[in-house]
Amino acid sequence: MFSDTASLAFAPGCGHTTRMQDRQFFGYGSLVNRATHDYPGTRPARLDGWRRVWVHTNLRPVAYLSVERAECSIDGLVAEVPGADWAALDERERAYDRHPVETVLHACGSDARAQVYAVPASHAAPPDVTHPVLLSYIDTVVQGFLNVFGTDGAERFFATTAGWTAPILNDRVAPRYPRHQPVTDWQRGFVDSHLKALSAQVHKA
Numbered sequence: 001m002f003s004d005t006a007s008l009a010f011a012p013g014c015g016h017t018t019r020m021q022d023r024q025f026f027g028y029g030s031l032v033n034r035a036t037h038d039y040p041g042t043r044p045a046r047l048d049g050w051r052r053v054w055v056h057t058n059l060r061p062v063a064y065l066s067v068e069r070a071e072c073s074i075d076g077l078v079a080e081v082p083g084a085d086w087a088a089l090d091e092r093e094r095a096y097d098r099h100p101v102e103t104v105l106h107a108c109g110s111d112a113r114a115q116v117y118a119v120p121a122s123h124a125a126p127p128d129v130t131h132p133v134l135l136s137y138i139d140t141v142v143q144g145f146l147n148v149f150g151t152d153g154a155e156r157f158f159a160t161t162a163g164w165t166a167p168i169l170n171d172r173v174a175p176r177y178p179r180h181q182p183v184t185d186w187q188r189g190f191v192d193s194h195l196k197a198l199s200a201q202v203h204k205a
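Residues 1 to 205 in full-length UniProt numbering are what the sequence shown spells out, letter by letter.
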């Protein structure tokens with residue numbers, strides 16, 4: 001399930017009450033990179049029956065990750081909603097609808113209720129040259145998966161994400177993703193090699 005089951009088996013927070021579970025959400029993209037936010041109580045988890053997909057919406061100028069139902073399992077983080085303020089989180093994720101899920105598995109193996117955000121089909125379309133995926137966004141997401149799930153988990157990220165035919169804008173010189181994080185040469189090389197293996201279209205900014 002995870003690349004480092006020995007360390008994750010003793011992850012804290014496995015005994016949360018139902019009340020706590022009612023204010024948890026499952027992050028599957030940039031939220032896996034803890035440097036992009038300060039949400040409390042983050043714990044590695046897995047969501048069954050969904051996969052990531054690249055989409056764009058008329059509510060945002062570039063493409064981002066969403067999820068859709070599929071015969072798939074994805075890794076991510078479960079986090080607590082600060083102050084149970086769903087309205088504030090909904091505003092951050094205003095291009096997305098919120099869905100209750102029952103199949104989030106914590107590192108200790110227990111199930112937990114949570115919410116997952118997905119772009120509604122009525123607002124979603126495949127990325128295109130005017131709504132590309134930002135390479136700075138991919139770098140930030142993959143860095144999070146490397147830090148939490150190791151190289152195996154980062155490889156699973158690529159394998160369990162659909163839509164890699166999307167055009168990707170190389171904005172590394174001047175990152176456009178507002179929560180971008182500095183990455184190492186090795187991390188950049190890891191991303192580049194996997195994009196090449198997927199025959200992804202990377203264009204200069």
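Derived from the structure by calculation, the hints contain no laboratory data. This structure is a prediction, so every number in the text was calculated from the model and none was measured. Note that CB positions come from ideal geometry on N, CA and C, so glycine has one too. Hints may contain errors.
To be verified - So the derived label-pair ranges between C-beta atoms look like this:
1) His37 / Asp97: 34 to 40 Å
2) Thr151 / Ser122: 18 to 24 Å
3) Arg94 / Arg69: 28 to 34 Å
To be verified - Mimicking SDA-like on lysine to any residue, the simulated pairs with C-alpha atoms at most 20 Å apart in a straight line are:
4) Lys196 / Thr184
5) Lys204 / His131
6) Lys204 / Val129
7) Lys204 / Arg172
8) Lys196 / Trp164
9) Lys204 / Thr165
10) Lys196 / Arg156
11) Lys196 / Arg179
12) Lys204 / Thr160
13) Lys204 / Pro167
14) Lys204 / Asn170
15) Lys196 / Arg98
Hint-by-hint comparison with the structure:
Between histidine 37 and aspartate 97 the beta carbons are some 20 Å apart, a value that contradicts the proposed interval 34 to 40 Å. In this structure the supplied range 18 to 24 Å is violated for threonine 151 paired with serine 122, their Cβ-Cβ distance being about 37 Å. The supplied range of 28 to 34 Å is broken by arginine 94 and arginine 69, whose beta-carbon atoms lie about 22 Å from each other. For the suggested pair lysine 196 and threonine 184, the alpha carbons sit about 18 Å apart, so the restraint of at most 20 Å is met.
Distance restraint check for lysine 204 and histidine 131: the Cα-Cα separation of roughly 14 Å lies within the 20 Å cut-off, and the hinted pair is therefore satisfied. Taking the CA atoms of lysine 204 and valine 129, the gap is about 11 Å. The hint holds against a cut of 20 Å. For the given pair, lysine 204 sits about 9 Å from arginine 172 by alpha-carbon distance, which is consistent with the 20 Å threshold. For the given pair, lysine 196 sits about 11 Å from tryptophan 164 by alpha-carbon distance, which is consistent with the 20 Å threshold.
This hinted pair checks out: lysine 204 and threonine 165 have alpha carbons roughly 16 Å apart, not beyond 20 Å. Restraint check for lysine 196 and arginine 156: satisfied, since their Cα atoms lie roughly 16 Å apart, inside the 20 Å limit. Distance restraint check for lysine 196 and arginine 179: the Cα-Cα separation of roughly 24 Å exceeds the 20 Å cut-off, and the hinted pair is therefore not satisfied. Straight-line distance between C-alpha atoms of lysine 204 and threonine 160 comes to about 26 Å, which puts the hinted pair past the 20 Å bound.
Our distance criterion of 20 Å between C-alpha atoms is met by lysine 204 and proline 167, whose separation comes to about 11 Å. A C-alpha spacing of about 5 Å is found between lysine 204 and asparagine 170, which places the hinted pair at or below 20 Å, so the restraint holds. Under the criterion of a C-alpha separation no larger than 20 Å, the hint pairing lysine 196 with arginine 98 is inconsistent with the structure, at around 33 Å.
Checked against the numbered hints given earlier, the structure breaks hints 1, 2, 3, 11, 12, 15 and satisfies all the rest.
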